[in-house]
Amino acid sequence: MSNYPGGKMINDEIKSTLESDVKAVIAGYVKKPVAEIKMDQPLREQLGVDSFGMFELTFEFQEKYKLEIPEEDLKKMLTGNDIANWLAQKGKK
Amino acid sequence: MKNDTHAKNVAKVMKRELFNRVVITGLGVVAPNGIGIDAFWGALEKGKSGIKKIKAFDASRNRCQVGGEITELEPSAYIDSKKIDRMDRYAQLGIVAGSMALADAAIKVQEGDPPPGVYIGTGLGGMLIYERSFEVLTNKGPRSIHPNAVSSSMPNSLAGHIAMDLGLKGPNIAISTACSSSSHAIGHAFDAIRCARSEMILAGGSEASLSPLTFSAFDAMRVMASDCNDSPEQASKPFDKRRGGLVLAEGAAMMVLEEFNGAMRRGAHIYAEVLGYGANSGGYHIVAPDPTGQDVVRVMRSTLRDADLLPTEIQFISAHATATQANDRVEALALKSIFGDHTKNLAISCVKSMIGHTIGAAGAFGVLAALLAINKGVIHPTINFAVPDPECDLDVTPNIARKREIQTAMINAFGFGSNNACLIIRGVK
Numbered sequence: 172m173s174n175y176p177g178g179k180m181i182n183d184e185i186k187s188t189l190e191s192d193v194k195a196v197i198a199g200y201v202k203k204p205v206a207e208i209k210m211d212q213p214l215r216e217q218l219g220v221d222s223f224g225m226f227e228l229t230f231e232f233q234e235k236y237k238l239e240i241p242e243e244d245l246k247k248m249l250t251g252n253d254i255a256n257w258l259a260q261k262g263k264k
Numbered sequence: 403m404k405n406d407t408h409a410k411n412v413a414k415v416m417k418r419e420l421f422n423r424v425v426i427t428g429l430g431v432v433a434p435n436g437i438g439i440d441a442f443w444g445a446l447e448k449g450k451s452g453i454k455k456i457k458a459f460d461a462s463r464n465r466c467q468v469g470g471e472i473t474e475l476e477p478s479a480y481i482d483s484k485k486i487d488r489m490d491r492y493a494q495l496g497i498v499a500g501s502m503a504l505a506d507a508a509i510k511v512q513e514g515d516p517p518p519g520v521y522i523g524t525g526l527g528g529m530l531i532y533e534r535s536f537e538v539l540t541n542k543g544p545r546s547i548h549p550n551a552v553s554s555s556m557p558n559s560l561a562g563h564i565a566m567d568l569g570l571k572g573p574n575i576a577i578s579t580a581c582s583s584s585s586h587a588i589g590h591a592f593d594a595i596r597c598a599r600s601e602m603i604l605a606g607g608s609e610a611s612l613s614p615l616t617f618s619a620f621d622a623m624r625v626m627a628s629d630c631n632d633s634p635e636q637a638s639k640p641f642d643k644r645r646g647g648l649v650l651a652e653g654a655a656m657m658v659l660e661e662f663n664g665a666m667r668r669g670a671h672i673y674a675e676v677l678g679y680g681a682n683s684g685g686y687h688i689v690a691p692d693p694t695g696q697d698v699v700r701v702m703r704s705t706l707r708d709a710d711l712l713p714t715e716i717q718f719i720s721a722h723a724t725a726t727q728a729n730d731r732v733e734a735l736a737l738k739s740i741f742g743d744h745t746k747n748l749a750i751s752c753v754k755s756m757i758g759h760t761i762g763a764a765g766a767f768g769v770l771a772a773l774l775a776i777n778k779g780v781i782h783p784t785i786n787f788a789v790p791d792p793e794c795d796l797d798v799t800p801n802i803a804r805k806r807e808i809q810t811a812m813i814n815a816f817g818f819g820s821n822n823a824c825l826i827i828r829g830v831k
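If you read the protein sequences in the order shown, they are chains A and B.
Going left to right, the first sequence walks through residues 172 to 264 as our numbering numbers them.
Going left to right, the second sequence walks through residues 403 to 831 as our numbering numbers them.
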């Protein structure tokens with residue numbers, strides 16, 4: 172499911188796929204094994220993603236899902252969960 | 403006249419007292435015909451060309467389809483995978499060559515030491531990233547531009563990456579004067595050390611010009627050799643009557659410059675001393691050289707004056723020699739004008755015959771080639787020399803290397819923008 176969001180319903184299966192996609196992108200960005208990435212890990216404090224890094228990281232999601240993340244939403248993204256939830260919400264609309 | 407001579411001698415003594423001596427103690431190179439100093443020198447000595455049919459992009463519709471492409475380097479073997487994506491290719495090549503130079507100089511940067519500086523010449527900077535970003539802008543729109551587009555395409559990105567990655571936190575300067583960029587970078591580094599503003603500087607140049615727009619833009623000027631698309635190694639023919647233009651190349655040449663006494667104290671290996679630097683402009687044309695060559699004569703003369711040398715004390719010329727008709731003719735004219743009868747005693751050679759024209763890195767490549775010639779007692783050849791040009795009647799060490807002990811070398815570099823730089827180095831016995 173590389174081009175999420177595609178469906179209207181958010182079920183557990185979709186959520187799990189989304190989480191693994193988000194983990195994979197974060198892992199690729201911080202150059203760590205996917206297994207070491209936790210969805211509730213603070214991106215800034217524990218994974219070293221600074222404010223410019225957030226632009227770079229979210230750029231990856233924008234490109235992957237063909238979405239644009241507004242600045243005000245970007246500021247609220249502190250963990251992988253925040254990103255996955257935002258993407259899920261976006262998919263709901 | 404007597405007073406004049408006395409005044410000059412006093413000035414010489416004062417200069418020696420006031421200025422620090424500056425020496426070169428570490429070398430690094432990434433060239434189309436060799437990675438690392440030993441491979442590079444081995445190739446130069448053998449007259450091995452690094453010019454190939456271009457693979458970096460589809461050049462099949464270009465007039466010129468050959469270039470000095472580096473095909474045997476895997477930058478990820480040298481650069482942290484977290485950082486490599488943020489660098490344009492020119493920065494990757496520069497980091498590799500810079501790391502080699504620091505390792506060769508056996509420098510360990512420690513807290514509390516005066517921080518070494520970084521002076522980098524590049525004519526174009528990160529053009530590959532710039533071109534790709536333009537493609538994204540055209541195809542996908544402004545909001546798809548990568549956040550790193552500016553920081554990886556700007557001409558001082560390499561200098562910044564070197565400071566971050568190699569820990570050199572002194573003055574951090576990028577100089578962009580087309581084909582003379584790295585000669586000016588080395589010259590300014592020399593000035594900074596001799597005036598005691600810095601004790602050690604990593605200086606040189608890097609360029610990665612084999613990207614579709616940049617390459618095609620040079621091609622559009624009709625300055626590139628298009629007569630050897632099926633025999634790439636013969637494309638670059640400096641000073642030969644058949645010369646058909648320059649061959650664009652990528653590469654990086656870096657060196658550690660440091661204050662002489664500091665180098666002696668730490669027992670560094672000294673390759674050569676930098677004696678003089680000159681800079682000027684022809685104020686003539688944005689790309690064409692002044693056909694009289696007077697600006698080139700002036701820059702060589704001012705460099706000799708800076709080094710306190712007579713023309714007869716120069717033994718080797720690392721010529722700029724791009725292999726365009728106009729440039730080589732003017733350089734030959736200028737050399738004969740300033741060196742007169744001594745011209746026949748000069749060893750002259752053109753590294754571009756083997757690696758092509760690395761634009762902003764070209765001056766540093768010239769310095770490297772001269773410095774190695776001094777250290778090895780061998781003059782590398784100018785390859786592809788077959789038909790002499792009466793207007794370029796110089797001994798350019800045609801095709802085969804020649805054993806000759808030399809001490810003092812002059813390195814020329816002339817850039818678009820009517821921009822000239824000249825350096826003089828001498829071996830340290």
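Any given hint could turn out to be false.
Taking lysine-lysine pairs in the DSS-like style, the calculated list, with each CA pair at most 25 Å apart, reads [to be verified]:
#1 B:K484 to A:K235
#2 A:K261 to A:K194
#3 A:K202 to B:K450
#4 B:K485 to A:K194
#5 B:K450 to B:K738
#6 A:K202 to B:K485
#7 A:K235 to B:K450
#8 A:K209 to B:K484
Far from chain A, some chain B residues (derived; all Cβ distances over 10 Å) [said to hold, decoys possible]:
#9 K410
#10 S462
#11 P800
#12 K831
For the record, the hints were derived by calculation from the structure and aren't laboratory data.
Note that CB positions come from ideal geometry on N, CA and C, so glycine has one too.
**Asked** Far enough from chain A: is every CB of that chain over 10 Å from the CB of K831 (chain B)?
**Response** Label holds. Min Cβ-Cβ 49 Å, cutoff 10 Å.
**Request:** Quickly compare the C-alpha distance for K261 (chain A) and K194 (chain A) to 25 Å and report which way the hint goes.
**Result:** 18 Å, holds
**Prompt:** Is K450 (chain B) within 25 Å of K738 (chain B), Cα to Cα?
**Reply:** 28 Å, violated
**Asked** Holds or violated: are the alpha carbons of K202 (chain A) and K485 (chain B) at most 25 Å from each other?
**Response** Status holds; Cα separation ~10 Å.
**Message:** Need the status of pair K202 (chain A), K450 (chain B): alpha-carbon distance at most 25 Å?
**Reply:** Answer violated: K202 (chain A) to K450 (chain B) is near 39 Å, above 25 Å.
**Request:** Below or equal to 25 Å on CA atoms is what counts here, so check K484 (chain B) against K235 (chain A).
**Result:** 20 Å, holds
**Item:** Distance restraint between K235 (chain A) and K450 (chain B), which requires alpha-carbon spacing of 25 Å or less
**Value:** 46 Å, violated
**Message:** Just want to verify: S462 (chain B) was marked as not at the interface with chain A; is every Cβ pair farther apart than 10 Å?
**Reply:** 30 Å, holds
**Request:** Verify that the Cβ of P800 (chain B) lies farther than 10 Å from every Cβ atom of chain A, and report whether the claim holds or is violated.
**Result:** 51 Å, holds
**Asked** Is the nearest Cβ of chain A still more than 10 Å from the Cβ of K410 (chain B)?
**Response** 55 Å, holds
**Message:** Against the 25 Å threshold, does the CA-CA distance of K485 (chain B) and K194 (chain A) hold or violate the hint?
**Reply:** Judged against 25 Å, a Cα distance of about 20 Å means the pair holds.
**Prompt:** Taking only the CA atoms, is the gap from K209 (chain A) to K484 (chain B) under or equal to 25 Å?
**Reply:** Distance ~19 Å between K209 (chain A) and K484 (chain B) Cα, so the pair holds.
Comparing the model with each earlier hint shows violations of hints 3, 5, 7; every other hint is respected.
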